[in-house]
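Let the hints inform the model, and build the full structure from the sequences given.
The opening residue of the sequence shown carries number 2 in my numbering; numbering runs sequentially from there.
Please note that the accuracy of each hint is not assured.
List time: in silico SDA-like cross-link candidates among lysine to any residue, alpha-carbon distance up to 20 angstroms [said to hold, decoys possible]:
hint, residue 1, residue 2
1, Lys86, Lys141
2, Lys141, Leu218
3, Lys205, Pro116
4, Lys141, Glu83
5, Lys205, Ser118
6, Lys179, Ser165
7, Lys144, Gly154
8, Lys179, Val17
9, Lys175, Leu156
10, Lys179, Arg18
11, Lys179, Trp145
12, Lys141, Gly183
13, Lys179, Asn140
14, Lys205, Val215
15, Lys205, Ile114
16, Lys56, Asp39
17, Lys141, Leu220
18, Lys205, Ser194
19, Lys141, Val81
20, Lys56, Ile36
21, Lys179, Gly154
22, Lys141, Val85
23, Lys205, Phe35
24, Lys86, Ser146
25, Lys175, Val17
26, Lys141, Gly154
27, Lys56, Asn121
28, Lys144, Lys179
29, Lys56, Phe66
The set of hints was computed from the structure by calculation and includes no laboratory data.
Bear in mind the structure is a predicted one, so any value in this text is a computation, not a measurement.
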Amino acid sequence: MTDMQKKIPSLSSNSVRLGALLAIVGGFLDAYTFISRDGVFANAQTGNIVLLAVKAATGEWSRSFHYILPVVAFIFGVLVSEIVKIPQIRQVLHSYRRSILILECIVLTVVGILPSSVPNIVVTVSISFVSSLQISTFNKLDKWSYNSTVTTGNLRTATQAAYSAFIEHNPEAKRQFKDFFGIILAFLFGAMSGTLTTTYIGDKSVWIVSGILVIALVLYHRDRGYLRNPITEK
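Below is the structure:
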């Protein structure tokens, strides 16, 4: 490993640095689709299901359609994330996690290119699909389960860890609290950035998160090389 490589922090699939980058992406995309794409969430399918129920209960059937397809796309993305873990497919992809990041980056780049005449539902379905791939593929923060696209569970975990750290004086819980608090702040930063840039730049602001994903790709497994090592990559 060269001196230059030692100066560049690498990212494993469960590193806090990668988790923070993906949390920024998650918060950004939810704000982006909510503001610019008919008030639909890219990641928060709980919100979409609630809004679907509200529209259906009030008889706004045409509006409820906007919330059905993103949920279906999210489910499809989860299924795809499981399929790519099949050993034969993993061998073809070399690194399925890196392949997921590349696919997400490509889709978001294309979304920014699409003309404004393209229906919003096309964009929200596309983003919901790649977001579900992200949440299903990158779901560990160190050794703990976390979510890079929704913050409710992370907030619960951070609160429980804070109690154990400061009331029971558990040093491991203190580290967990710091990591999860950082993820929550990253998600908040992403949502604020998504709000401001979408408001002032418009649809092409989604390229910002494409750039963040490129950074994650460059750093991810940098120390293991860019071709899959069957011994070290899991």
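These are the hints, each one checked on the structure:
no.: 1; hint: Lys86 <-> Lys141; in the structure: 16 angstroms, holds
no.: 2; hint: Lys141 <-> Leu218; in the structure: 17 angstroms, holds
no.: 3; hint: Lys205 <-> Pro116; in the structure: 10 angstroms, holds
no.: 4; hint: Lys141 <-> Glu83; in the structure: 16 angstroms, holds
no.: 5; hint: Lys205 <-> Ser118; in the structure: 14 angstroms, holds
no.: 6; hint: Lys179 <-> Ser165; in the structure: 12 angstroms, holds
no.: 7; hint: Lys144 <-> Gly154; in the structure: 15 angstroms, holds
no.: 8; hint: Lys179 <-> Val17; in the structure: 10 angstroms, holds
no.: 9; hint: Lys175 <-> Leu156; in the structure: 14 angstroms, holds
no.: 10; hint: Lys179 <-> Arg18; in the structure: 13 angstroms, holds
no.: 11; hint: Lys179 <-> Trp145; in the structure: 13 angstroms, holds
no.: 12; hint: Lys141 <-> Gly183; in the structure: 14 angstroms, holds
no.: 13; hint: Lys179 <-> Asn140; in the structure: 17 angstroms, holds
no.: 14; hint: Lys205 <-> Val215; in the structure: 16 angstroms, holds
no.: 15; hint: Lys205 <-> Ile114; in the structure: 7 angstroms, holds
no.: 16; hint: Lys56 <-> Asp39; in the structure: 13 angstroms, holds
no.: 17; hint: Lys141 <-> Leu220; in the structure: 17 angstroms, holds
no.: 18; hint: Lys205 <-> Ser194; in the structure: 13 angstroms, holds
no.: 19; hint: Lys141 <-> Val81; in the structure: 19 angstroms, holds
no.: 20; hint: Lys56 <-> Ile36; in the structure: 18 angstroms, holds
no.: 21; hint: Lys179 <-> Gly154; in the structure: 15 angstroms, holds
no.: 22; hint: Lys141 <-> Val85; in the structure: 18 angstroms, holds
no.: 23; hint: Lys205 <-> Phe35; in the structure: 15 angstroms, holds
no.: 24; hint: Lys86 <-> Ser146; in the structure: 18 angstroms, holds
no.: 25; hint: Lys175 <-> Val17; in the structure: 15 angstroms, holds
no.: 26; hint: Lys141 <-> Gly154; in the structure: 13 angstroms, holds
no.: 27; hint: Lys56 <-> Asn121; in the structure: 18 angstroms, holds
no.: 28; hint: Lys144 <-> Lys179; in the structure: 14 angstroms, holds
no.: 29; hint: Lys56 <-> Phe66; in the structure: 9 angstroms, holds
In the structure shown, no violation is registered for any of the earlier numbered hints.
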